[in-house]
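Asker: Here's the letter readout for the chains.
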Amino acid sequence: MTAPARHLLSVSDLGREGIGEIMALADSFKEVSGRTIPKVPALRGKTVATLFFEASTRTRLSFEAAARRLSADVMSFAPSASSLEKGESLRDTVETIDAMGVDAMVVRHRSSGVPQRVTAWTSASVVNAGDGQHEHPTQALLDCYTIREALCDRHGGDPPSDFAGLRIGIVGDVAHSRVARSGVLAFSALGAEVVLVAPRTLLPPSLDSWPVKATADFDSVLPALDVVYLLRIQAERAGRVLLPGLDEYHARFGLTAERARHLQREALVMHPGPMIRGVEIAPEVADLPSSLVTRQVRNGVFVRSAVLFHLLGSGLGTERIRDGGGDA
Amino acid sequence: MAERERKLARPQGRVFAPRAQVMDADGVSRALRRIAHEVIERNHGLDQVVVVGLQTGGVPLATRLVRVLGEIEGTTVPLGTLDVAFYRDDIGLRPVLPEEVTDIPVDLTGATVVLVDDVVFTGRTVRAALDALADHGRARAIQLAVMVDRGHRELPIRPDYVGKNLPTRRDELVDVTLDGVTIGELVDERAAR
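Top line first, the protein sequences correspond to chains V and L. Here the numbering used here = 1-based position in the first sequence + 95. Here the numbering used here = 1-based position in the second sequence + 11.
In isolation and in its complexed conformation, chain V is listed as follows (with noise of 0.2 Å):
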């Protein structure tokens, strides 16, 4: 038996009916979330190890809380409690850790690739929880969810099946950004128009294979915008060379109250955290209505227990039964 989507590697893994998937199957777990026992056995008898070779506290809770609320057992390996100080290569951790049975492996690391390479040793379905400057699916695909939502709510019916004709404006360190990247692939497979606005010594060398248009100036793009996405200042990646300073930045970049008044009344503005607020966002806006942030985080665990079940658990990739009535 060999699924096509064994992996979650890259958002261009799924694609735009991949995506469609995951976001119907996020609905299912966002209707459980709600019960009185708010946990199915989905997964009963599986196990989901959370490798987090680069420290996020929010996204391995998030993947944690994902995989409980199927019923999954969880294990957490923390590099700061473990043999890698004491000089086992990744390779032997990551053979330990699937010597141990797992099924799900959900790793993160600062080195782009690393979730790629970890499918070489372990019989586990990978999930990218996040890998250098590369990629973060999970991200843009709460992301994605966290805006049908609210087009949903707006425009009540069915939720949209994609994003034709919806302009996503992404500000920021585009360059080191993996959240972006993922983004990008994820709003334009489902038809969005993207507009990146960053510095030119935060946007990556080249954008002729990205799908998208770039400028420095958000004023100008700011009022044509339905969503807009902030990313963080990382100063960790950015270092200080490419910024002349963080209050230059938030003057220019930054969602200030006064850029604020000239979005779209309906505009949606997110960030996938952690933000900070008086760099990329001004306080007052972090709390506005259009503000998603909180929303964003929620919808996480949904999606996430949607990724998991969507590699372990639906059996897609092996032929497609549903239940007719007849055979129930």
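Please keep in mind that the hints were generated in silico from the structure rather than gathered at the bench. Treat the hints loosely; a few may be bogus.
Restraint-style ranges between C-beta atoms, simulated for each label pair [stated by the list, open to error]:
hint	chain 1	residue 1	chain 2	residue 2	range
1	L	182	V	308	57 to 67 Å
2	V	160	L	116	50 to 60 Å
3	L	35	V	359	51 to 61 Å
4	L	171	V	139	27 to 37 Å
5	L	190	V	151	48 to 58 Å
6	V	131	L	85	47 to 57 Å
As the structure is a prediction and not an experimental result, all values here were calculated from the model. Cβ atoms here follow ideal geometry from the backbone N, Cα and C, with glycine treated the same way.
Chain V is already provided as a structure; the job is to place chain L on it using the hints.
Answerer: Just chain L now, with coordinates in the frame of chain V:
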């Protein structure tokens, strides 16, 4: 009808070929009316009764049952829907995806739930449904109503209300709609043409 045939269709080009109609629309309607009276009799009225239809085949029947119960007793019984995909015991053995929404509008603690499905066969769907219902609260009782009991049970599960007992072969299929009950089998798409 076309919609249901699509859902019953197997991916390897196998389709549902109806052989004989064993109940017509009037038959289904009369059976539901009788079941409604039995529900009222068994529960001494409709106090605390909640009707839950199993996705997808049980939902139209549950909707109709609620209407008939209302006509007889003059009250509106809460109606819920349940998709049991996440509770199935064959997850990972074959593709299982939720088809439709679960929507239980009330806390089931203390309620008498009448679970409605079109066909009871192996009993595994009902087993999954019992687990799913437990996560919505501790019901006082759960009763099972089906339009067709076709036998071949693999679990100790027995319906409380049955529209029709229909002996079948294992490889046959039973299709239930408000328009009637049809028995048939899966055939190659080419043979069906």
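Asker: With reference to the structure, classify each hint as holding or not holding.
Answerer: Going down the list of hints, with the structure as the test:
A C-beta distance of roughly 58 Å is found between residue 182 of chain L and residue 308 of chain V, which places it inside the suggested range of 57 to 67 Å. Distance hint check: the CB atoms of residue 160 of chain V and residue 116 of chain L are about 26 Å apart, inconsistent with the given range 50 to 60 Å. One distance hint, 51 to 61 Å for the beta-carbon pair residue 35 of chain L and residue 359 of chain V, holds here, with the actual separation near 57 Å. Look at residue 171 of chain L against residue 139 of chain V: about 29 Å separates their beta carbons, and that is inside 27 to 37 Å.
Checking the proposed 48 to 58 Å range against residue 190 of chain L and residue 151 of chain V shows it holds: the Cβ atoms sit about 55 Å from each other. Range check, residue 131 of chain V to residue 85 of chain L: about 30 Å between beta-carbon atoms, so the 47 to 57 Å window is missed.
In terms of the numbered hints stated before, the structure departs from hints 2 and 6, listed from lowest to highest.
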